[in-house]
Amino acid sequence: MESCIALLLRTQKLGLNNSQEFPSALTREFVNSLDLKACSFYTISSDEQNLILRGQYGFQYDEYISFELPLNTIAGRAFKGSEVLFENNLAESLEYRDKRLVDKYGLVEIIAIPLSIVLDCDMNVERVGVVCLYPKATEKSDLPSYIQILREAVNLAYTHSVERMKMQVREKVVSAISASTDLNSALFRILQKLLRNQISIEAASIYLYDERLRLLRLHATTGIKTEKDLHKHDISFNKRDIGFPTWDSFQGSIVISRSSPNKILGSDKFLETTKSPIKSLLVLPITRTSNDHSSRKTRGVLRVANKLLRHENKYELTSFTKEDVGILSYVCEIIGLTSHMFLNKENRISYFEKIMHGTKSNIQASIQNIDFLERHGKIESFMPKDLLYTVHDTREWLDDIRNQMERLENSQRSELSLETISLTGDVLINTIRLFEKSAQTMDIALARITKLSEGGFFQLPPVKANVRALMTVFRNLVENALKYRNHDKNKCIVKLSHRVDSEYVYIHFTDDGIGIPLGDEHDVFAEGFRSENAVRQDPAGTGLGLTQSKEIMRLMEGDLTLESIEPVTLVVKIKRAEL
Amino acid sequence: MIYFVDEDYRKLRVLVSELKINGFDAKIIRDADTAFAELSEVDKSNVDLVIIDVMLAAKVNGNTSKYSREQTDDYHKTGLLLLDDLALANPSVFPKYAIYLTHASNDVLVKNISISANKYGIKMLRKKDYDTAYYFGEDVAKIIKELNGG
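Residue numbers (the working numbering), protein chains in the order written: chain W, 2 to 580; chain F, 25 to 174.
Take these hints with a grain of salt, some might be off.
Stated by the list, open to error - What the simulated footprint calls covered on chain W by chain F, stretch by stretch (three residues with Cβ under 8 Å from a Cβ of chain F suffice, anywhere in the stretch; the number is not a length):
{"id": "1", "stretch": "530-536"}
{"id": "2", "stretch": "539-549"}
What the hints assert, rightly or not - No farther apart than 25 Å at their CA atoms in a straight line, the calculated lysine-lysine pairs in the DSS-like style are these:
{"id": "3", "chain 1": "F", "residue 1": "Lys68", "chain 2": "F", "residue 2": "Lys44"}
{"id": "4", "chain 1": "W", "residue 1": "Lys484", "chain 2": "F", "residue 2": "Lys120"}
{"id": "5", "chain 1": "F", "residue 1": "Lys152", "chain 2": "F", "residue 2": "Lys169"}
{"id": "6", "chain 1": "W", "residue 1": "Lys386", "chain 2": "F", "residue 2": "Lys68"}
{"id": "7", "chain 1": "W", "residue 1": "Lys379", "chain 2": "W", "residue 2": "Lys438"}
{"id": "8", "chain 1": "W", "residue 1": "Lys298", "chain 2": "W", "residue 2": "Lys346"}
{"id": "9", "chain 1": "F", "residue 1": "Lys152", "chain 2": "F", "residue 2": "Lys68"}
{"id": "10", "chain 1": "W", "residue 1": "Lys452", "chain 2": "W", "residue 2": "Lys438"}
{"id": "11", "chain 1": "F", "residue 1": "Lys135", "chain 2": "F", "residue 2": "Lys120"}
{"id": "12", "chain 1": "W", "residue 1": "Lys361", "chain 2": "F", "residue 2": "Lys151"}
{"id": "13", "chain 1": "W", "residue 1": "Lys379", "chain 2": "W", "residue 2": "Lys496"}
{"id": "14", "chain 1": "W", "residue 1": "Lys226", "chain 2": "W", "residue 2": "Lys194"}
{"id": "15", "chain 1": "F", "residue 1": "Lys120", "chain 2": "F", "residue 2": "Lys147"}
{"id": "16", "chain 1": "W", "residue 1": "Lys492", "chain 2": "F", "residue 2": "Lys35"}
{"id": "17", "chain 1": "W", "residue 1": "Lys452", "chain 2": "W", "residue 2": "Lys484"}
{"id": "18", "chain 1": "F", "residue 1": "Lys151", "chain 2": "W", "residue 2": "Lys484"}
{"id": "19", "chain 1": "W", "residue 1": "Lys484", "chain 2": "F", "residue 2": "Lys51"}
{"id": "20", "chain 1": "W", "residue 1": "Lys173", "chain 2": "W", "residue 2": "Lys346"}
{"id": "21", "chain 1": "W", "residue 1": "Lys492", "chain 2": "F", "residue 2": "Lys51"}
{"id": "22", "chain 1": "W", "residue 1": "Lys438", "chain 2": "F", "residue 2": "Lys35"}
{"id": "23", "chain 1": "F", "residue 1": "Lys147", "chain 2": "F", "residue 2": "Lys169"}
{"id": "24", "chain 1": "W", "residue 1": "Lys240", "chain 2": "W", "residue 2": "Lys226"}
{"id": "25", "chain 1": "W", "residue 1": "Lys490", "chain 2": "F", "residue 2": "Lys35"}
{"id": "26", "chain 1": "F", "residue 1": "Lys51", "chain 2": "W", "residue 2": "Lys386"}
{"id": "27", "chain 1": "F", "residue 1": "Lys44", "chain 2": "W", "residue 2": "Lys386"}
{"id": "28", "chain 1": "W", "residue 1": "Lys484", "chain 2": "F", "residue 2": "Lys68"}
{"id": "29", "chain 1": "F", "residue 1": "Lys90", "chain 2": "W", "residue 2": "Lys484"}
{"id": "30", "chain 1": "F", "residue 1": "Lys169", "chain 2": "F", "residue 2": "Lys68"}
{"id": "31", "chain 1": "F", "residue 1": "Lys35", "chain 2": "W", "residue 2": "Lys379"}
{"id": "32", "chain 1": "F", "residue 1": "Lys44", "chain 2": "W", "residue 2": "Lys361"}
{"id": "33", "chain 1": "F", "residue 1": "Lys166", "chain 2": "F", "residue 2": "Lys35"}
{"id": "34", "chain 1": "F", "residue 1": "Lys35", "chain 2": "W", "residue 2": "Lys361"}
{"id": "35", "chain 1": "F", "residue 1": "Lys51", "chain 2": "F", "residue 2": "Lys135"}
{"id": "36", "chain 1": "W", "residue 1": "Lys490", "chain 2": "F", "residue 2": "Lys51"}
{"id": "37", "chain 1": "F", "residue 1": "Lys120", "chain 2": "F", "residue 2": "Lys152"}
{"id": "38", "chain 1": "F", "residue 1": "Lys152", "chain 2": "F", "residue 2": "Lys166"}
{"id": "39", "chain 1": "F", "residue 1": "Lys120", "chain 2": "F", "residue 2": "Lys166"}
{"id": "40", "chain 1": "W", "residue 1": "Lys490", "chain 2": "F", "residue 2": "Lys90"}
In case anyone wonders, no lab produced these hints; they're calculated from the structure. All C-beta atoms in this analysis are idealised placements derived from N, C-alpha and C, irrespective of residue type, glycine included.
Between the sequences and the hints, there should be enough to build the whole structure, so can you do that?
The structure is reproduced here in structure tokens:
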């Protein structure tokens, strides 16, 4: 009795393994504790046609005919009837098919215990498999007397291990998503995790529905085998593809497709590349609950091919088990949520880009119109002189908006096209002009900036940069110098100097403004950060200008750094062009 | 004289011009501290209207300023505090001759401005409502007329 209780406790403990490790651990424990010759652990395939060997202890794997066991066997009967079965004459039993095991190991008796997952506290269960025990002794042991208690313990422990497995898969999938910045890379990472982990699938693909084009588009795959060369966007399904597992599953059901000896797999339109010929497909719908939780909508499908079982030197493709489907369904839910979030984000970015594009065009047109009027002297002819500032102000605001948009756009890019340019001719001259013009429209009493001809700027070597992007950086520095000038004195003096080494040109930009308070110097490039004195002078600023400018300089293989805080000196580091 | 208390000098210029075209004198005061210093002693006879921007700058040197970042919620409601101070310091002019002018879109802030405007019985104008300076000038003229019993 004491040893029975000890075994029950040890069985419970095995539930700390995930469901992939549990079968081996349990069969080993049972063989050692119950004086068995061997023990096998089977779970049912998702189509409930076969029991799949998940673990065993005591036999050589090579002795098995197959890791798949049909249901017209003792184990199958125990599974179907949900009753423990005892068979005392394996040699004669027609239901026992692995006679080689009987001969080699002298098997006489089998006890087949149905395995279930406990669904709730009322012990409602879902049958999932069978555990087969092969006792050593032919005489009666006390095992039958506590077999029912043992069965309950195994069921509870296995239930825990399945939950544990789900948690582990969730952790891996979520970490794959959080390491990704876009939908396709997130989905690809999820597939990699599935392939490398306990599910042991051979290949997989994810299709998502494109509402606009009304087709299921391939978003991630471990490799698709197609008969002809197709572009990735051609590997899709639409409503004409009824009958193909992928499209059928998109209608909301789990589709299992499997080849038999006489039949090549009821094939899909495109299949994954696998080492072994495709034998089984499992296609699961990816769904997402609506925001008000009232309905679920299918967003796509996850298709997996070939469940692989490798036991020592034996290797076999088997059916997907019920647990596999459970875990993959769970993964599908996460994919549904993830794809919704990413697509939502990507759609918003796309709308935003369209709005930016339209706004930029309008601004550009307005600037060109004002320019045209100015150049042809039309404005002066009808505008009172003291109100001419309105035209200049308007032009400058339009310029500001356009440049802020450009700066935002550039800082969000992953790369910028660089070319060899003249820093002084292409950028610094325009910076000086911008400073002088802005100072004029801002009515600054004393505004001065270093003359380029006096500072040796025309001797600077060519640099590698993007002119427009670099100009947005210098524009930001000029705007800051003017905006954060000392208002009491209403003056702004900017000093430019330069330094050159073998790799970079450094432009030092110093202003005599309100400065940066001591202690804030480490935060000036942080997104959204604003010093106390800057907020006091201009409460409406965003604190994004320097962050974006630094990012742009990094994209151009340079940098933007703060050299001193009183007076403020910023250093623009620009990569020299190769000679 | 119409006083504009707003740091955004350039964006106000056209409104100031519009008011001048309508026959008013107008002056811009850039920050809350300067505004308090000047308006706490201004005589009623010299004031037509004081237009106070709510998100308003203060003097850069915190040691010489009445207004702190914490007190003003990052300078988002400096104008509300300024009017409270002016109402105590110069009750013959404030709050009666003041109005709020704001670009705020944040619901909480708009509600706070509205509460303060109701408390003092003054108007609150939204910058977004004025696509043209002309209508702004027209509304300001109407408010001044009402204040003068007309």
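Taking the hints in turn, this is what the structure says about them:
Counting residues of the stretch 530-536 of chain W whose C-beta sits closer than 8 Å to any C-beta of chain F gives 3, which meets the bar of three, so the coverage hint holds. With 3 residues carrying a beta carbon less than 8 Å from a beta carbon of chain F, the stretch 539-549 of chain W meets the three-residue requirement, and the given coverage holds. A hinted pair counts as satisfied when its Cα atoms are at most 25 Å apart, and Lys68 (chain F) with Lys44 (chain F) qualifies at roughly 20 Å. Between the alpha carbons of Lys484 (chain W) and Lys120 (chain F) the distance comes to roughly 33 Å, so the proposed pair goes past 25 Å and is violated.
Between Lys152 (chain F) and Lys169 (chain F), the direct Cα distance comes to roughly 23 Å. Compliance with the 25 Å bound is thereby established for this hinted pair. For a cut-off of 25 Å, the pair hint linking Lys386 (chain W) to Lys68 (chain F) is broken: about 34 Å separates their Cα positions. Proposed proximity of Lys379 (chain W) and Lys438 (chain W) is supported: the alpha carbons are some 20 Å apart, at most 25 Å. With a C-alpha separation of about 19 Å, the suggested pair Lys298 (chain W) and Lys346 (chain W) falls inside the 25 Å cut-off, and the hint holds.
Between the alpha carbons of Lys152 (chain F) and Lys68 (chain F) the distance comes to roughly 30 Å, so the proposed pair goes past 25 Å and is violated. Distance restraint check for Lys452 (chain W) and Lys438 (chain W): the Cα-Cα separation of roughly 15 Å lies within the 25 Å cut-off, and the hinted pair is therefore satisfied. For a cut-off of 25 Å, the pair hint linking Lys135 (chain F) to Lys120 (chain F) stands: about 20 Å separates their Cα positions. Between the alpha carbons of Lys361 (chain W) and Lys151 (chain F) the distance comes to roughly 23 Å, so the proposed pair stays at or under 25 Å and holds.
Distance hint between Lys379 (chain W) and Lys496 (chain W) is unfulfilled; the C-alpha atoms sit about 37 Å from each other, more than 25 Å. Note on Lys226 (chain W) and Lys194 (chain W): the hinted pairing holds, with a Cα-Cα distance of about 21 Å set against a maximum of 25 Å. A distance of roughly 10 Å separates the Cα atoms of Lys120 (chain F) and Lys147 (chain F); the hinted pair therefore holds under the 25 Å criterion. Of the pairs offered as hints, the one joining Lys492 (chain W) and Lys35 (chain F) holds, with about 19 Å between alpha carbons and a cut-off of 25 Å not exceeded.
With a C-alpha separation of about 21 Å, the suggested pairing of Lys452 (chain W) with Lys484 (chain W) holds against the 25 Å cut-off. The suggested pairing of Lys151 (chain F) with Lys484 (chain W) holds, with an alpha-carbon distance near 22 Å, which does not exceed 25 Å. Restraint check for Lys484 (chain W) and Lys51 (chain F): satisfied, since their Cα atoms lie roughly 20 Å apart, inside the 25 Å limit. Restraint check: the Cα-Cα separation between Lys173 (chain W) and Lys346 (chain W) comes to about 23 Å, which is no more than 25 Å; the hinted pair holds.
With a C-alpha separation of about 20 Å, the suggested pair Lys492 (chain W) and Lys51 (chain F) falls inside the 25 Å cut-off, and the hint holds. About 17 Å separates the Cα atoms of Lys438 (chain W) and Lys35 (chain F), which keeps this hinted pair within 25 Å; it holds. Taken as a hint, the Lys147 (chain F) and Lys169 (chain F) pair is honoured in the structure, with Cα atoms around 14 Å apart against an allowance of 25 Å. Under the criterion of a C-alpha separation no larger than 25 Å, the hint pairing Lys240 (chain W) with Lys226 (chain W) is consistent with the structure, at around 22 Å.
Taken as a hint, the Lys490 (chain W) and Lys35 (chain F) pair is honoured in the structure, with Cα atoms around 21 Å apart against an allowance of 25 Å. Annotation: proposed proximity of Lys51 (chain F) to Lys386 (chain W) holds, straight-line Cα distance about 20 Å (limit 25 Å). Restraint check for Lys44 (chain F) and Lys386 (chain W): satisfied, since their Cα atoms lie roughly 15 Å apart, inside the 25 Å limit. At roughly 34 Å between alpha-carbon atoms, Lys484 (chain W) and Lys68 (chain F) are farther apart than 25 Å, so this suggested pair is violated.
In summary, the hint linking Lys90 (chain F) to Lys484 (chain W) is supported, as the alpha carbons are separated by about 22 Å, within the 25 Å threshold. For the hint pairing Lys169 (chain F) with Lys68 (chain F), the CA-to-CA distance comes to about 15 Å; that is within 25 Å, so the pair holds. Restraint check for Lys35 (chain F) and Lys379 (chain W): satisfied, since their Cα atoms lie roughly 24 Å apart, inside the 25 Å limit. For the given pair, Lys44 (chain F) sits about 34 Å from Lys361 (chain W) by alpha-carbon distance, which is inconsistent with the 25 Å threshold.
A threshold of 25 Å between alpha carbons decides the hint, and for Lys166 (chain F) with Lys35 (chain F) the separation of about 22 Å falls inside it, so the pair holds. Only pairs whose Cα atoms come within 25 Å are accepted, and Lys35 (chain F) paired with Lys361 (chain W) is accepted, the gap being roughly 21 Å. Distance hint between Lys51 (chain F) and Lys135 (chain F) is unfulfilled; the C-alpha atoms sit about 28 Å from each other, more than 25 Å. Between Lys490 (chain W) and Lys51 (chain F) the alpha-carbon distance is near 19 Å, which keeps this suggested pair within the 25 Å criterion.
Under the criterion of a C-alpha separation no larger than 25 Å, the hint pairing Lys120 (chain F) with Lys152 (chain F) is consistent with the structure, at around 24 Å. Between the alpha carbons of Lys152 (chain F) and Lys166 (chain F) the distance comes to roughly 19 Å, so the proposed pair stays at or under 25 Å and holds. Restraint check: the Cα-Cα separation between Lys120 (chain F) and Lys166 (chain F) comes to about 15 Å, which is no more than 25 Å; the hinted pair holds. Taking the CA atoms of Lys490 (chain W) and Lys90 (chain F), the gap is near 21 Å; set against the 25 Å cutoff, the hint holds.
In summary, the numbered hints that this structure violates are 4, 6, 9, 13, 28, 32 and 35.
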